[in-house]
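Student: Chain D is already provided as a structure; the job is to place chain Y on it using the hints.
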Amino acid sequence: MPVLETQGVSVRFGGNVALRDVSLTIEPGRVTGLIGPNGAGKTTMFNCVTGMQTVASGRVVFDGRDITGLGPGGRARLGMARTFQRLELFLSLSVRDNIRVAGDIVRANTRHRIDVEAETDRVLELAGLADIAGENVAEIPTGRARVVEVARALMTRPKLLLLDEPASGQTEQESERFADLLRELAADGIAVCLVEHDLPLVMSLCSTIHVLDHGTLIASGTAAEVQRSPEVIAAYIGTEAVA
Amino acid sequence: MTTFLTYTALGLVLGAVYAIAASGLVLTYNTSGIFNFAHGAQAMIGAFTYYQLDVAWDLPAGVALVVVLGVLGPAMGWIQHALIMRGLRDTEQITRIVVTVAIMLGLVALAQWLWDPQEARIPGMLFGVDRTVTVLGVVLRYHEVLCLVIAVALAVGLRVLFNRSRLGVLMRATVDDPDLLSLAGHDPDRVSARAWMLGSTLAVLAGVLITPVIGGPLEANALTLLVVDAFAAALFGRLKSIPLTFLGAIVLGLMNSYLVAYAPSEWTWVGNLRQSLAMIVLFAILILLRHERLRGTATRSRERYEVPTVRRAVVWGGVFVLAVLAFRQIIDPSSVGVLQLGIAFAVIALSQTLLTGYAGELNLAPLAFSAIATLVAFHAGIQGEGLDARMSVGGLVAGVVAAAVTGAIVAVPALRLRGLYLALATLAFGVFVSSMILRDIQEHTLFGKTFAIFPNGNLLFPRLAIGPVDLADDDVFLMVTAVLFAVLGVGLVALRNSGYGRRLAAMKDSPAASAMLGQRLLRLKLTVFALSTAIAGLGGILMSMGLRSVTKEHFVFTMSLSLVMLAVIGGIGYVSGALFGGLIAGAGLTAIVTLLSDTATEHPQFEESLGLVSHIILVGAGLAGIGIAQNPSGILHDVFAAQRRLAKAPEIRYGALAVQCVLYALAWFDVLGTGTFVLLSLVLWLSLPSIGAALRPEKVSGGSARPVPPELIGIDSDYPPGLADRLDEQLGVNALRDRRGVSHAGA
Numbered sequence: 000m001p002v003l004e005t006q007g008v009s010v011r012f013g014g015n016v017a018l019r020d021v022s023l024t025i026e027p028g029r030v031t032g033l034i035g036p037n038g039a040g041k042t043t044m045f046n047c048v049t050g051m052q053t054v055a056s057g058r059v060v061f062d063g064r065d066i067t068g069l070g071p072g073g074r075a076r077l078g079m080a081r082t083f084q085r086l087e088l089f090l091s092l093s094v095r096d097n098i099r100v101a102g103d104i105v106r107a108n109t110r111h112r113i114d115v116e117a118e119t120d121r122v123l124e125l126a127g128l129a130d131i132a133g134e135n136v137a138e139i140p141t142g143r144a145r146v147v148e149v150a151r152a153l154m155t156r157p158k159l160l161l162l163d164e165p166a167s168g169q170t171e172q173e174s175e176r177f178a179d180l181l182r183e184l185a186a187d188g189i190a191v192c193l194v195e196h197d198l199p200l201v202m203s204l205c206s207t208i209h210v211l212d213h214g215t216l217i218a219s220g221t222a223a224e225v226q227r228s229p230e231v232i233a234a235y236i237g238t239e240a241v242a
Numbered sequence: 000m001t002t003f004l005t006y007t008a009l010g011l012v013l014g015a016v017y018a019i020a021a022s023g024l025v026l027t028y029n030t031s032g033i034f035n036f037a038h039g040a041q042a043m044i045g046a047f048t049y050y051q052l053d054v055a056w057d058l059p060a061g062v063a064l065v066v067v068l069g070v071l072g073p074a075m076g077w078i079q080h081a082l083i084m085r086g087l088r089d090t091e092q093i094t095r096i097v098v099t100v101a102i103m104l105g106l107v108a109l110a111q112w113l114w115d116p117q118e119a120r121i122p123g124m125l126f127g128v129d130r131t132v133t134v135l136g137v138v139l140r141y142h143e144v145l146c147l148v149i150a151v152a153l154a155v156g157l158r159v160l161f162n163r164s165r166l167g168v169l170m171r172a173t174v175d176d177p178d179l180l181s182l183a184g185h186d187p188d189r190v191s192a193r194a195w196m197l198g199s200t201l202a203v204l205a206g207v208l209i210t211p212v213i214g215g216p217l218e219a220n221a222l223t224l225l226v227v228d229a230f231a232a233a234l235f236g237r238l239k240s241i242p243l244t245f246l247g248a249i250v251l252g253l254m255n256s257y258l259v260a261y262a263p264s265e266w267t268w269v270g271n272l273r274q275s276l277a278m279i280v281l282f283a284i285l286i287l288l289r290h291e292r293l294r295g296t297a298t299r300s301r302e303r304y305e306v307p308t309v310r311r312a313v314v315w316g317g318v319f320v321l322a323v324l325a326f327r328q329i330i331d332p333s334s335v336g337v338l339q340l341g342i343a344f345a346v347i348a349l350s351q352t353l354l355t356g357y358a359g360e361l362n363l364a365p366l367a368f369s370a371i372a373t374l375v376a377f378h379a380g381i382q383g384e385g386l387d388a389r390m391s392v393g394g395l396v397a398g399v400v401a402a403a404v405t406g407a408i409v410a411v412p413a414l415r416l417r418g419l420y421l422a423l424a425t426l427a428f429g430v431f432v433s434s435m436i437l438r439d440i441q442e443h444t445l446f447g448k449t450f451a452i453f454p455n456g457n458l459l460f461p462r463l464a465i466g467p468v469d470l471a472d473d474d475v476f477l478m479v480t481a482v483l484f485a486v487l488g489v490g491l492v493a494l495r496n497s498g499y500g501r502r503l504a505a506m507k508d509s510p511a512a513s514a515m516l517g518q519r520l521l522r523l524k525l526t527v528f529a530l531s532t533a534i535a536g537l538g539g540i541l542m543s544m545g546l547r548s549v550t551k552e553h554f555v556f557t558m559s560l561s562l563v564m565l566a567v568i569g570g571i572g573y574v575s576g577a578l579f580g581g582l583i584a585g586a587g588l589t590a591i592v593t594l595l596s597d598t599a600t601e602h603p604q605f606e607e608s609l610g611l612v613s614h615i616i617l618v619g620a621g622l623a624g625i626g627i628a629q630n631p632s633g634i635l636h637d638v639f640a641a642q643r644r645l646a647k648a649p650e651i652r653y654g655a656l657a658v659q660c661v662l663y664a665l666a667w668f669d670v671l672g673t674g675t676f677v678l679l680s681l682v683l684w685l686s687l688p689s690i691g692a693a694l695r696p697e698k699v700s701g702g703s704a705r706p707v708p709p710e711l712i713g714i715d716s717d718y719p720p721g722l723a724d725r726l727d728e729q730l731g732v733n734a735l736r737d738r739r740g741v742s743h744a745g746a
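So the protein lines, in turn, are chains D and Y. If you use numbering that gives the first Met the number 0, the first sequence closes out at 242, no skipped numbers anywhere. If you use numbering that gives the first Met the number 0, the second sequence closes out at 746, no skipped numbers anywhere.
Some hints could be false.
[Said to hold, decoys possible] Selected chain D positions facing chain Y (Cβ under 7 angstroms, derived; list incomplete): (1) P71; (2) G72; (3) A75; (4) R81; (5) E87; (6) F89; (7) L90; (8) S91; (9) L92; (10) S93; (11) D96; (12) A101; (13) D103; (14) I104; (15) I131; (16) R156.
Hints listed in this document are in silico derivations from the structure and should not be mistaken for laboratory results. The beta carbon of each residue, even a glycine, is placed where N, CA and C say it ideally should be.
So here's chain Y without its partners, still in its complex pose:
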């Protein structure tokens, strides 16, 4: 009995912390319409900062708490709101998600820079472990009691805030109609800034409280995933109701606690199951949630994508393959693998072009499907042993099909709901794959078979052999990957130009109108989701074959998020955006960091500053996604638009091509290093529109072709003295005032 009560109490404490985190999430979502994926990362920063102040710098706990809760929490929320969230009006869901994901990745990179992940930091409980109270035979530490007290106070406080206080009513109004709110003389921006500050502070509070409750050291990734637990709890209240969110949090906390208490000890996978509990609960709720009513929503978002013709796509596909071939000749043989990895990532990113760019649906864990395909291919398709082992075509096909089927299964519960739910369901699936499937590394017996899903945590993944064609050779494999990317890219453009592609675009633009034309929305979403996860699966197998040896780190959810983010930065509506995202995620960052660390080894005196630069690049890459708010169509959209201005001056392009050939020749004879060659080529083509405008001003139109209409610029005029009186006169205000005897001063 005491055991039961003890675990119940511990579950309630954990639930209380979840509730604190979840209510912050609900608060910001409901006042801004933006789901904050960085919520857990903010909690993480809060926890680490508190540790730094309290333990490392030995400040009193009270001072440390005041600093993190009174300064850090509100400041993070305010900066988030002021710098970023205001720019997100009239953007698509993916843009909003990517911005908060970018903050999350940036904060994780920042934490790993500031706080060395190798070092274990075990935060103590507030008030220490010795001060306890005993209720019904259950011993509770003050820290745990405090969690419960804060949660109860918060539940009451938020209820009063939303229902009784002026600010709470304004916050609710901000969601319903910000324009109406500003017409009524309020500033929706200020209201929403306060909500962000409060939400961020609640995240920090949860972060400080949770690690001592769970036990163990501070861990950046695990704390960042607090957002998934908070989200699962918030889903109980459909992301709206605070009381139901609290209920959800308590249920999660109790389930977690009872699992530890009562699961049989031979269930070794329970430890993994605990980490996936939130995601399992989340799926269960998604299945139970009611179908949303179809409503007209066609609003014009700021994202714009041009659709190329198939012929154009074929030409560019050919150019791409030739460029890879030419580039291969001037790079070091040891870099071939990195380049291949970049293109394999680009194939994975293509799944996003189809799913998000064309169909407007979301998948935040493409690499989880790559992992599924890799595992199935590994178990089903290897022929031969040792060095002669080869992947069979059958294994490849099985892997791709498995990814497609898994995609369909994951998507079914969420497809009936809005895009955000799909994003969260896929993220949760990604976490599930990382924390359960890829951790199943020890052999165990199930249904009379002894196996491990991810043997020893390291798969030796052989290359494909089709009859006489053996891809064991790196050069051959690189070119096969490049050709595959080109073929898939052209295929996607052809698909977009087909009836199926138009139906996807129609569904993305207006689901209501699509349905009223007879479109079966669920079926269409399901096919496109399965198709896109099949592509992610194929890319994953290409990646694994390239690496030859894969661990779970290759499929980690932060990598998925980086890839999605980089594809959006490039331009999620474009095949070239996928190429951009894949090359940077798979090859670019590796190349830069390797270059820096090589230089550091050669010149030890610069080691410190080079390490700093490499950290700044990693944090910067994470934060780069924030800029997407300013330019939601992606940077390639602007690059294409600029290049089109040269259409009437082909001689400029021929000239640039000639310069490019010279650069290539210089690189060929090792006058230029590979890095310099890439940099100069980029500068050449990116600055070409400006060069063209300078050389041929009469042919190259500058800037945008369309004049901006005056109503968008707006015309300001002075408000001369006496105008107010004249207006009053004409509106008859004076007469009214005289009649009612209201004094002028009152106005």
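One chain only, chain D, in its complex shape:
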């Protein structure tokens, strides 16, 4: 059963149709990619899933439950977590406290007590951030800051982890280590979904890929299937010719 399902989602900005009747699924235990040329509607789709954008029509179903009317906080409490394309770190806190505060929030929301300290240590270790735990988050390089955002999201023990362009700003080595981390998370049963421009990374990492173009879903499938799709080739070659 998919952890997330969108059914015929459409979004309009004034007269512009940003998304037209998009239906897709995200499965647990897998890394799913959402790709498309600039302006295809990837970030809008992301915002619809996380509740930061209201849909004009269609439904969003998470974990068997219709969450179309739910706000971002409510979705987060159901087990959805995201990172931001333009980093949204808590700049006055240290790396460790950025992660710890996510645990504080979970503890404030739920009745049962979780050991925030121990959980923070575990996540720091898992994400490979233990060496910079004490540093001010405003002073670490972008590549590692993206990992901090993922680690912070992991503190909420999400069922679905949404990553908005996680590899931008990372060095090649960093993005390789990052890909390993995502595979590990998927192996633990988390549904990982990423919007990404780095096509080689998406092709090697994602077991399912959804391709958007001009607000329409034009292909879904494995890397090999998507690469053979004539619509996808047209969409990408079309944009590259312009660029």
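Tutor: Chain Y only, in chain D's frame:
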């Protein structure tokens, strides 16, 4: 029918003046992103200057108008922009607000200095009262017709400016993206300077027009509050739309006029209600405004605060209590009350540390909540009569709880919106408390009970008694207040270091990321607002118990604003910043002004110059907040940073401690006066890092520890002749030019 038409016409005239004021406010807000709290104060300065020129110096009205509208208005706007507003990039909302609040306080102090408030100045209408026109049986003076004409012209003019003219389009672009505008070859600074000049001139125009319309003498505080009316009107258009702002202004004007016309005469409180009308309308709109979409906004602001550990806070709390105890021994018994008042104010300022410093929310009227707590404690908690009257613990608790509940109620409509709205809602609430609740001094009957909220305008507020502990003694009360401040301060630091404190910091830094982690933002904001107003309530009760007798002047909104401003100057992220703000607002200024006036009584020959100094200090204290743009983290942040440089040279600190003890001994034996002792102690500790650097240069690092990266310094190099040609060559511009046949001169 004629009555209705007359009051409609008067309402329209008042609305027209509101519209002029509000459009200026919208203009500056939309071109600079800075909400100008000094807008009303600028109107006030304009009105007084016009009066001075026209009436006092007997210049022709035309000349006076040209001077205030052609010179004073634009000049104020230009100075504001050039000196201050440019420095406010990348600062938090509170810093921006405090800077304009500082200008407002400075201007009010200036006006009270230049124009004695005791003297009544009644400005006449332009063209006099005799020249009238009659429309549909309604007699309108030329002045009133002029207001309507100007408003209509302004509505049309601003529409043309924004939609048709180049400058208007540039102004709109300045808000959207100043960087892009400068890339396109324009100077956003110049555009925004013009907007400020125009906005300020509109404020002055409104100021000159309004007093004859309302009637009565010029009053500095009332004119300054024109900003609240203008804001309420602007809120109709969400601070953006000029046409809706005009609509809002007209609605306000009409409501005001109809209230006078049709409210039953036995409603004596209508006069007070009129003054609060803007604030009531404002709250209604806040409730109706749509929830704003959550957007990612985490940008790095220039404010920085270190978080001390709880252990450190406990040590400093102990030091503070001991210092107060020691200081008490060397001051005059008559000054104990002033010192206690300062610490009570510091407790009120602590509410700002929690709310603004930790959580990033705003409250511009902490004293309004202090007033609520005082009133509830007064009505609920006094036991005994006359000299034996004592405040009960129950009364204290009731007062604090009432402040917290009121805080929550005030905050609810605004919490869904951005911080600025909360700031304005609280300011409006402060005005409401001053102009309605604290003016309810006559007994009246409601629901079968006869009472007055603020009996006779003067509360005799007894001290607390808990079982055998009686706080009637001034020394005991001083120490209890000091201990309470220390305990609350340590409590706040502990709170900041807890999960709750981290969640507040996270919400302040990025509401979007916080919400996406599951944080219930509204609930968190509501709890922190209620907690902070509870602290303000407790501080207010401590203040009232200290004073023993309070009037509405003790809770006036300018005092609230001064306190907020001084706490920000000290460092809003620090408990010590609250102490700084409270001591200066509650004790420091009083002490200085008292000292000066005492000296003046002793030496009458200096009276004039000492009075001048005292005025300069008051205006200067108001204007001090402007400096915050240069140093948004507050002065204590720099003081701490400097002291940390001495960490490796403890002998310097021990030496300073020894000198401090000697100073104390000298003060003890009355060799040094209290003022001299305080001054020398301050000089000693503030200059210690420099002294340390001079004595132990090898141990005390000088200046900032981190080297500045070269990209921030920037490297300039010459632009040698021929470089342009070489660049053209490499970019292929020449080839292109040849092909298109464009002449070189065109480039």
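Student: Hint by hint, say whether it matches the structure.
Tutor: Checked hints:
Checking P71 of chain D against chain Y: minimum C-beta separation of about 5 angstroms stays under 7 angstroms; hint holds. Because the beta carbon of G72 of chain D sits about 5 angstroms from the nearest beta carbon in chain Y, less than 7 angstroms, this interface hint is met. A distance limit of 7 angstroms between C-beta atoms decides the matter here; for A75 of chain D the minimum to chain Y is near 4 angstroms, and the interface restraint holds. The closest approach between the C-beta of R81 of chain D and any C-beta of chain Y is roughly 5 angstroms, which is under the 7 angstroms cut-off, so the hint is satisfied.
The beta carbon of E87 of chain D comes within 4 angstroms of a beta carbon in chain Y, closer than 7 angstroms, and the hint placing it at the interface holds. Satisfaction of the interface hint for F89 of chain D is found here, the shortest Cβ-Cβ separation to chain Y being roughly 4 angstroms, below the 7 angstroms cut-off. About 5 angstroms separates the beta-carbon of L90 of chain D from the nearest beta-carbon of chain Y, less than 7 angstroms, and the hint is met. With a least beta-carbon distance of about 5 angstroms to chain Y, the hint placing S91 of chain D at the interface is held under the 7 angstroms criterion.
Because the smallest distance between the Cβ of L92 of chain D and any Cβ of chain Y comes to about 6 angstroms, under 7 angstroms, the interface hint for this residue holds. Interface hint at S93 of chain D: violated, since its Cβ lies 10 angstroms from the closest Cβ of chain Y, which is beyond the 7 angstroms cut-off. Hint status for D96 of chain D: holds, given a least beta-carbon distance of 6 angstroms to chain Y, under 7 angstroms. Against a cut-off of 7 angstroms between C-beta atoms, the interface hint on A101 of chain D holds, since the closest Cβ of chain Y lies about 5 angstroms away.
Annotation: interface hint on D103 of chain D holds; nearest CB of chain Y at approximately 3 angstroms, less than 7 angstroms. With a least beta-carbon distance of about 5 angstroms to chain Y, the hint placing I104 of chain D at the interface is held under the 7 angstroms criterion. A distance limit of 7 angstroms between C-beta atoms decides the matter here; for I131 of chain D the minimum to chain Y is near 17 angstroms, and the interface restraint is violated. Against a cut-off of 7 angstroms between C-beta atoms, the interface hint on R156 of chain D is violated, since the closest Cβ of chain Y lies about 11 angstroms away.
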